[in-house]
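Participant: If you want the building blocks of each chain, they are given just below.
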Amino acid sequence: MNKDKRKQKIAFWLFLAPVLFSFFMVQIIPFVIGVYYSFTNWSATAQPSIDFVGLKNYMEAFKDATFLYSTIITSIYTLANIILVNVIAFSLAMLVTTQIKGRNFYRAGFFLPNVIGGIILGYIWQYIFNQFIPTVGGIIGVKFLTENLMLADSKTALAALVIVSTWQYAGYIMMIYVAALQNVPRDLIEAAQIDGATPWQRFRSITIPMVRPAFTVTLFLTLVNSFKQFDVNASLTGVGPSTIFMGKAINGTTLLAMNISNTSLVLRNTALAQAKAILFFVVLVVFSLLQVYFSKKKEVEL
Amino acid sequence: MKKLIILISMLLVAFSLTGCAPKKTVEITFKQNKPEIDAQLQAFAAAYEEETGVKVNIVSCGGSSCTLGDVLRSDYAAGEMPEIFPIDGIESYNEWKLIIDDLSNEEWVKDTDVSFKVDGKVVGFPVSIEGWGMAYNADLLEEAGVDPTTLTNYDAYAAAFAKIDGMKAELGIDSVVSMAAGPGMYWVTAHHNFNSLLSNGLPYGDRSVVDALLKGDIDETRFNEYADWVNLLFTYADNTVLTTGNYDSQVGAFLNQKAVFLHQGNWVDGNLSAATFDMAFAPHGSSKTATDGIFVSAPAWYVVNKDSENAQAAKDFLEFMVYNEIGQKYMVEEAGMIPAFKNITLEPKGKLSKSVMAWAKAGKIFSWQQYNFTGDFRDNTLGPIYNQLASKEATLDEFKALLKKALEDNAD
Amino acid sequence: MNRKITRNILEALAIMLVIFFIVPLFLVFINANKTNAEILNAPLSLPENWGTIFKNIANIWNNPNIRYSKALYSSVIVTFFSLAGITIFSAMGAWVLVRTKTKTSFAIFMMFVAAMVIPFQVVMFPLVKWFGTFQQWTGIPMLRSYFGIIIAYIGFGSSLSIFMFHGFMKSIPLDIEEAAYIDGCGRIKTFFLIVLPILKPIYVTILILNGIWIWNDFLLPLLVLGKGTPVQTIPLAVSNFAGAFVTSYDLLMTAIFMALVPVVIFFISAQKHIIKGMVEGSVK
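Chains as they are written, first to last, in this note's numbering: chain A, 260 to 561; chain B, 137 to 548; chain C, 0 to 283.
These are calculated hints, taken from the structure and not from any lab test. Just so you know, these numbers come straight off a predicted model, no measurement behind them. You may find that some hints are simply not true.
Straight line, CA to CA, 25 Å or less: simulated DSS-like cross-link-like pairs of lysine-lysine [as the list claims (entries may be wrong)]:
(1) K264/A <-> K169/C
(2) K262/A <-> K102/C
(3) K557/A <-> K100/C
(4) K266/A <-> K100/C
(5) K199/C <-> K557/A
(6) K540/B <-> K322/A
(7) K536/B <-> K402/A
(8) K268/A <-> K100/C
(9) K507/A <-> K536/B
(10) K233/B <-> K169/C
(11) K128/C <-> K555/A
(12) K536/B <-> K394/B
Bound-form chain A, shown alone (with noise of 0.2 Å):
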């Protein structure tokens, strides 16, 4: 009995070895050696020594207007994203797991614009909003579209920046989906049908519970992805249009990520940075371990 429980032990290890093993070099050890940094002076350029500066970085972290803006809009813009993209690409799964001829030119289709990134994404995305959108009002005679444009007011360039995003991401996110959906036993739905199950009572008690697993990921890799977009958000507004917040004018689409890279690289104060960057982890682990802890609870094990 032993010698079994020692061989599943080892075999535990043993598999999980090489993984293990570059994770704690590429994401465990840098991550400590960079919250180490968060609590001294460390600046990335040549410095005469570390110095170690305590919750300096942090108190100037909580005091900083564009960090409390930057986690507003985050927020905001994460629900919506998490909303918007997977119910869009759930749907857009159930589409091509059907008997549709070209399914699969269509599943290539959708996943395609998660290829594209940076410039080249905001250049067509930009066109789009500052000279189509405005030509195309201005054929149909819709005087607000040529006048207004999207990204020029940083309200409507958020949702400007949530529409790209899912763009971009729904793809993404549909290949998950389809792999859950693709998973489902066929017998089992056969077996439903015999049975004399409806479509959508086929649908609820068989296919929704089968990708709960799948749910469990999507909903925290959007969340996740959401709360650290950068790239869309570069390309596509930049630090945005100005906003009036608490009195000053300040970037009105600068979203967490990019506010955390604009601290090390305009203010240049990277320990000030990597701080904003600790608190940021803090907060999404929280939210995404506990999302992730009660998906799981509700997941099927056969």
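Put chains B and C on the given structure of chain A with help from the hints.
Facilitator: Chains B and C in isolation, oriented as in the chain A frame:
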């Protein structure tokens, strides 16, 4: 088993491809932040290697795709700082001052007026000379009947703008001025345009206004005239370009003759090679008194890493750029820059660059003082304020109030 | 009759949606066939000369400063080995985590998940510093080497992959594995011959999701491999097209198109395996 084979092949590949060849040649690494001249630099480095046997590794990282600041920090963390890299002012100097070498005894110091000096020591090699003013389309101005030599103060500009604006259809333009104040373009408003407040009309290098502002003392007349100038520019600018345009659309409007004036500097010559019209610079009209000059300085300086064992080779390379014909040709003809060194007689081809040189020769130049304010203040505090006025979310009075408060808050 | 109407509606809807999603990619292809001036003036217009893309491709391929063929080779090596590492090692790890119901196992799993939340800025510079230090201590080349970048991708890619495998492995009935043990299969055989094949749709999805990210990634290679060093991936090699002032949009679009083609091919061929992996085998 599969994973063992994979692991072994991984290691084999890794080791075979990081193979070491004994390095006998001197090698220096030169990193800079203008990818568009990378090809020219590589060619120059190849020619240099042929002449001197020293290998120069050129790495270009800049624009929107790559941040040189991040690369340098990563290099520092890896213990691989380059021999030569650029700084753009006192803030970046302070980041690296521990490793920046003293260049006061270099040959070229006597041949330039714009080296970067700190505490009496020369530490920066001027990359080039750049300048900005109000770039204008000479052909369209002639058509509109406006004489550019009269454009030296606010009232002249106000009259000219109004006149040209009334002739938009005839001239085939969308707006009088191509101006950008949107996100990503705050360097146009909060760096360059802001500098008009700081040094327009003052002797070169005069810091009186700067020092007063840093203490929170605002000269009301000068400030109000400046704010009116900003408002004038925004009023006659195309709204789309002003609020959401990027660099290409702002310059593109001028290139395609959809605007008569462009608020940029001679670096746009690289984007205007297809232009068919004549162009030059006129002063900024930020004051009611005439300010007959444009803003000229060195935009960046190369510094040498004193901790490198090849620091001397790096200094030799910089000297070669100034005194050897190949170096001069690279700087001026290949890379299209205005040379910062008086011994170089070559002139770049760009029309706006030639205009800058003309103003400089006449001694009608004002200095760049915007770097006395931190990048954070300019980009994150001033930039949004200009943007408020541009998007019409703030009136002119609100703009003035916001700007005043920002300057006062920034004062020590 | 009802079925056919529903199907037709769905098909029409699918076509409209897909156009919305892929029109920007058509724009990339169209613009890769124009000169830079054409692109700046009229991004939506059809190119004057449809052959321009071949000129641009030749330009990029032959450019001595880009060394595209070498970058292509490097990108393929990095992507291939990283994907192999991520998929196999994560699957192995996830499997024992799922099958072992201890507190340790749960904690380790949560650690992997929590790491996905870490903003890259926190670990960016410490990673480079740590790799450099590790290299000094052990002599194993971590920076500017294939080994280092591949380990980095395995490390960063493992979180999502373990997360996904963990979720889907739960839906594999234990009795299949137990049947295998009874038949005399050792743990390793059970894993590779029974469990992994059942998970085909999942691991192919993981290959696609990770593959695309690694193939197009710029930041991690910039830090670990460095720019201008002997080992360059494609995104590093073509990054000079976006200048500080002058952007060569025509070459940029062409480079993106060139990077897209293998991705699309890989995606379409991998699709078959997602569909094929229907769980016919699970009930057996």
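Participant: Hint by hint, note whether the structure agrees.
Facilitator: Against the structure, the hints come out as follows:
1. K264/A <-> K169/C: 22 Å, holds
2. K262/A <-> K102/C: 21 Å, holds
3. K557/A <-> K100/C: 17 Å, holds
4. K266/A <-> K100/C: 16 Å, holds
5. K199/C <-> K557/A: This hinted pair holds, its Cα atoms lying about 24 Å apart.
6. K540/B <-> K322/A: 23 Å, holds
7. K536/B <-> K402/A: 31 Å, violated
8. K268/A <-> K100/C: 12 Å, holds
9. K507/A <-> K536/B: Measuring from Cα to Cα gives roughly 13 Å; hence the hint holds.
10. K233/B <-> K169/C: 57 Å, violated
11. K128/C <-> K555/A: 37 Å, violated
12. K536/B <-> K394/B: With Cα atoms ~30 Å apart, K536/B and K394/B exceed 25 Å; violated.
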